[in-house]
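Fit chain Z with the ligands to the supplied structure of chain G, relying on the hints for placement.
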Amino acid sequence: MIEVQNVTKRYGQTLAVDDVSFTVEKGEIVGFLGPNAAGKTTTMRIITSYMPATAGKVKVAGYDVFENAMEVKKRIGYLPENPPLYLDMKVEDYLAFTAAINGVDKSAIPREIDRVVELTTLGDMRYRLIRKLSKGFRQRVGLAQALIHDPEVLVLDEPTVGLDPKQIIEVRDLIKELGNDHTIILSTHILPEVSMTSERVVIINKGRIVAEDTPTNLMASLKSGETVQLQVEAPFDDVKATLETMDGVTSVSLDTETSVGENICAVRVDSEPGKDIRKDVAREVVNKNWGLLELKQISLTLEDIFLELTTEEEVQA
Amino acid sequence: MRNTWEIFKRDARSYFSSPIAYVVIALFIAISGFFFYALLSRFLNLQMQAMMQAQQMGRSITINVNQMMVRPLLGNMSIIALFMIPMITMRSFSEDKKSGTMELLLTSPISNTQLIVGKFAAAFALYTSMVIIALVYPVVLMIFGNPEIMPMLMGYLGLLLLGAATVSVGVLISSFTENQIIAAVGTFAIMMLLWMIGWLGSGSGAFSELASYLSIIEHMDDFTKGVFDTAHLVYYASFLFVAVFLTYQSIESTKWRG
Ligand SMILES: Nc1ncnc2c1ncn2[C@@H]1O[C@H](COP(=O)(O)OP(=O)(O)O)[C@@H](O)[C@H]1O
Ligand SMILES: [Mg+2]
Chain G
1 MIEVQNVTKR
11 YGQTLAVDDV
21 SFTVEKGEIV
31 GFLGPNAAGK
41 TTTMRIITSY
51 MPATAGKVKV
61 AGYDVFENAM
71 EVKKRIGYLP
81 ENPPLYLDMK
91 VEDYLAFTAA
101 INGVDKSAIP
111 REIDRVVELT
121 TLGDMRYRLI
131 RKLSKGFRQR
141 VGLAQALIHD
151 PEVLVLDEPT
161 VGLDPKQIIE
171 VRDLIKELGN
181 DHTIILSTHI
191 LPEVSMTSER
201 VVIINKGRIV
211 AEDTPTNLMA
221 SLKSGETVQL
231 QVEAPFDDVK
241 ATLETMDGVT
251 SVSLDTETSV
261 GENICAVRVD
271 SEPGKDIRKD
281 VAREVVNKNW
291 GLLELKQISL
301 TLEDIFLELT
311 TEEEVQA
Chain Z
318 MRNTWEIFKR
328 DARSYFSSPI
338 AYVVIALFIA
348 ISGFFFYALL
358 SRFLNLQMQA
368 MMQAQQMGRS
378 ITINVNQMMV
388 RPLLGNMSII
398 ALFMIPMITM
408 RSFSEDKKSG
418 TMELLLTSPI
428 SNTQLIVGKF
438 AAAFALYTSM
448 VIIALVYPVV
458 LMIFGNPEIM
468 PMLMGYLGLL
478 LLGAATVSVG
488 VLISSFTENQ
498 IIAAVGTFAI
508 MMLLWMIGWL
518 GSGSGAFSEL
528 ASYLSIIEHM
538 DDFTKGVFDT
548 AHLVYYASFL
558 FVAVFLTYQS
568 IESTKWRG
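As given, the protein sequences belong to chains G and Z, one line each in that order.
Just so we're aligned: 168 in the working numbering is position 168 of the first sequence, and the numbers increase by one with no gaps anywhere.
Heads up: take any position in the second sequence, counting from 1, add 317, and you land on the working numbering.
Hints in this document: simulated from the structure, not taken from any laboratory.
Treat the hints loosely; a few may be bogus.
[Said to hold, decoys possible] Facing chain G, from chain Z, some residues (calculated, C-beta under 8 angstroms):
# : residue
1 : A329
2 : K415
3 : T424
4 : K572
[As the list claims (entries may be wrong)] Sample of chain Z residues with no beta-carbon within 12 angstroms of chain G, all distances over it, derived:
#  : residue
5  : K326
6  : S334
7  : A347
8  : M365
9  : S416
10 : L422
11 : G435
12 : G462
13 : T547
14 : L557
[Claimed, not checked] Quick list of the computed label-pair ranges, beta carbon to beta carbon:
#  : chain 1 : residue 1 : chain 2 : residue 2 : range
15 : G       : T214      : Z       : S331      : 16 to 26 angstroms
16 : G       : S253      : Z       : W573      : 43 to 53 angstroms
17 : G       : Y127      : Z       : S428      : 25 to 35 angstroms
18 : G       : R131      : Z       : N381      : 48 to 58 angstroms
19 : G       : L292      : Z       : N496      : 51 to 61 angstroms
20 : G       : D124      : Z       : I449      : 51 to 61 angstroms
21 : Z       : V453      : G       : F66       : 28 to 38 angstroms
22 : G       : E152      : Z       : R319      : 16 to 26 angstroms
23 : G       : L119      : Z       : S428      : 21 to 31 angstroms
24 : G       : D105      : Z       : W573      : 42 to 52 angstroms
25 : G       : F66       : Z       : F524      : 38 to 48 angstroms
26 : Z       : S428      : G       : T214      : 56 to 66 angstroms
27 : G       : T54       : Z       : L344      : 29 to 39 angstroms
28 : G       : R131      : Z       : Y339      : 27 to 37 angstroms
The beta-carbon is built from N, C-alpha and C at its ideal position, and this holds for glycine as well.
Chain G extracted, bound-state conformation (with noise of 0.2 angstroms):
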């Protein structure tokens, strides 16, 4: 249903994402995962067609971004990261407005208004000036114009900042509720925001796609260790032997990619998880006087990114 497909876009001298890729099905809910300015409103702002790439090419439902804008904008419902709305005017309004623009008929639009009140369960608060309302009503505000249009496609952009506790489940079941008929993809940085609403994730950082698996993959890779790589001046199998015995050490195998040349071997040393083992293995294999070409720690980045994602709710006001 969504396509990205070598996405780069620069803002001047900034690259804010760079190469991505990645698609979403029909009727699958993905998360967007990323730290901030990892680069997912820009990606959002792309998929909708609000500003184009500097490179690459989306598709929405088939149609491309920026030849076929207007057939993807009615396509879509988009919740933008600040919910976009005229202070001024009552809930209903401003509804009534947003479905005229998305073309919406005009004996349909008081039906619709109906049914999305109902969903985003805005109550009476429909007849009230959006001025008045709180953060989180201004959000369902927000998601209510969005789906008012009934469109195929949901994106929203971290739809739960801000609010609290019970209206963040409020607005997580919802947005698994439209699952059902919608293809949503929705950005977050809070961790186990994924796990509760989106069947796969995709991770972003500095604006490249660091990893896409299920949330219960990704949360078993994060638990699984740690990897270094190195290579030495020495026949594998000794390499193998000695330094498998090391403390914390979990296997070894030589890692064919990247060997290179006669007599030198690289190596990969699995570890357990929170334990940095390079100091040991750089003893070893001095002791043993083979020649040390490189050494260094790899897969860190997942972990890195995962430090600085939220992983615990924030209790926001």
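Chain Z with the ligands alone, transformed into the frame defined by chain G:
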């Protein structure tokens, strides 16, 4: 068409539900009312003198209401309009840019042209309602005097054309910035420039002619005399067209810049 209408309706409602609209209208009526009163007193004074002279000298002098009252009044009103319109148009795009509703508008299936025309029409509607209220002056003159009607109507048509051109500049400038004050001051500065450039047009030569052609007020002059010249219509229409075109470009380029 429907989209343009919806944008127009929303913006117009928003204008008329904010105090700014009423402040602007009140200011316009107060200032032009002052000029009307001053011109009227001067006119009545002159007429009195003329009558006394006529009695003494035994022949009558008629003083032309159109010449003495209507033309200067329309001239004043066009200058006041240049001051007032920036206060109307400063919200046009700036407010949407500031509040984030621009993101709503630009991700809805409406075209830039529909958006711009709708927004322009709303601001112009507010200006027009101001001009309509100012029709009270010719009505007063018609009740108490005997002015020629055609030149007055032409003058008001000129006011509307001048207003349309000015509103289009205001909408353009408001598309550059999310700051309403900057939008208002910028529009005002440009309109002042387009007014004052006419002062360079008093000499002769190509430059002088160009300066006077560019002057937005200069084109009003014939209208206040009751003369309809399509050249002036063409001037205001092309002015409007260029401003709308540039607004279109401005909105497209915000998209690229983000
Ligand atoms: N309009 C803009 N102009 C310039 N830089 C921008 C703009 N929007 C975002 N950026 C930059 O692009 C990067 C990604 O931002 P964004 O997409 O908003 O990230 P996120 O939504 O994940 O927090 C950041 O470094 C941000 O400063
Ligand atoms: Mg963001």
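query: What hint numbers does the structure not satisfy?
result: 1, 2, 5, 6, 9, 10, 11, 15, 20, 21, 24, 26, 27 and 28
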